[in-house]
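Let's have the full structure, built from the sequences with the hints guiding it.
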Amino acid sequence: MDAKMPKLPAYVFRRANGSYRYKRNFPKRMREVVGKATLYRQLGDSYAEAMRRLPKVHAEIEALFQIEKHTPMSERALAVIRGALGDEVADMVVAGHIAEYSPEDYGLNELARTIEGMVPEEVFQQVYKGQLTEEPMTLAKALEEYTHYKSDEGVSNKDVAKRITKLRKDLSDAIGEHKLITCRWLTSP
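Count the sequence shown with the numbering used here and you get residues 1 to 189, in order.
Worth flagging that the hints you see were computed from the coordinates, not collected in a lab. Small disclaimer: the values here were computed from a predicted structure and weren't measured. Cβ atoms here follow ideal geometry from the backbone N, Cα and C, with glycine treated the same way. Where hints are given, some of them may not hold.
With a straight-line cut-off of 30 Å between C-alpha atoms, the simulated BS3-like cross-links for lysine-lysine are [what the hints assert, rightly or not]:
hint, residue 1, residue 2
1, Lys-158, Lys-141
2, Lys-158, Lys-69
3, Lys-158, Lys-169
4, Lys-166, Lys-56
5, Lys-56, Lys-28
6, Lys-23, Lys-7
Using C-beta positions, here's what the derived DEER-type ranges look like [said to hold, decoys possible]:
hint, residue 1, residue 2, range
7, Arg-113, Ser-46, 46 to 52 Å
8, Pro-103, Glu-145, 29 to 35 Å
9, Glu-60, Met-137, 28 to 34 Å
10, Gly-96, Glu-145, 18 to 24 Å
11, Ala-79, Asp-152, 20 to 26 Å
12, Tyr-146, Lys-7, 42 to 48 Å
13, Glu-49, Gly-176, 33 to 39 Å
Quick look at the structure:
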């Protein structure tokens, strides 16, 4: 008889062939973006190997979910346009130079018809119109723009990265990581 197997952690399953895999359902908000309901990762053939690889795989999946959760719809729309119609049309959309009834406008409309129902409605609308909505300024976005600004000034990337890391840690300690990513700057007219 086989030795008694220890209880498996969450998201880990033993397959019929004896190997282990990580199985995670996509959150509902991501299913329409990704086009799948479940994500699988192979962990290995032995229990010890699976437990050794589990923390890394779990961290990768959690990071993927966090990135996808906070990706603006305009970035998603731009990625769809860039993937289907190329860099030139995507750059024209970013610059706002898509003329009505032009071949590029026709291409965007055709692309929108093919992706309708497969992507979130907001992404569909941006692709169809050929106009990206301006995303609100968040603290995380402000830090990102600050990094680019300082890097252009000639300050070494190591100094900037160190400063940003400390600032991000201080901000997340003070207001929380979730608010750092989602908190919008209040602008008065």
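Structure-based check of all given hints:
{"no.": "1", "hint": "Lys-158 - Lys-141", "in the structure": "holds (19 Å)"}
{"no.": "2", "hint": "Lys-158 - Lys-69", "in the structure": "holds (28 Å)"}
{"no.": "3", "hint": "Lys-158 - Lys-169", "in the structure": "holds (16 Å)"}
{"no.": "4", "hint": "Lys-166 - Lys-56", "in the structure": "holds (25 Å)"}
{"no.": "5", "hint": "Lys-56 - Lys-28", "in the structure": "holds (24 Å)"}
{"no.": "6", "hint": "Lys-23 - Lys-7", "in the structure": "holds (16 Å)"}
{"no.": "7", "hint": "Arg-113 - Ser-46: 46 to 52 Å", "in the structure": "holds (50 Å)"}
{"no.": "8", "hint": "Pro-103 - Glu-145: 29 to 35 Å", "in the structure": "holds (34 Å)"}
{"no.": "9", "hint": "Glu-60 - Met-137: 28 to 34 Å", "in the structure": "holds (29 Å)"}
{"no.": "10", "hint": "Gly-96 - Glu-145: 18 to 24 Å", "in the structure": "holds (20 Å)"}
{"no.": "11", "hint": "Ala-79 - Asp-152: 20 to 26 Å", "in the structure": "holds (25 Å)"}
{"no.": "12", "hint": "Tyr-146 - Lys-7: 42 to 48 Å", "in the structure": "holds (47 Å)"}
{"no.": "13", "hint": "Glu-49 - Gly-176: 33 to 39 Å", "in the structure": "holds (36 Å)"}
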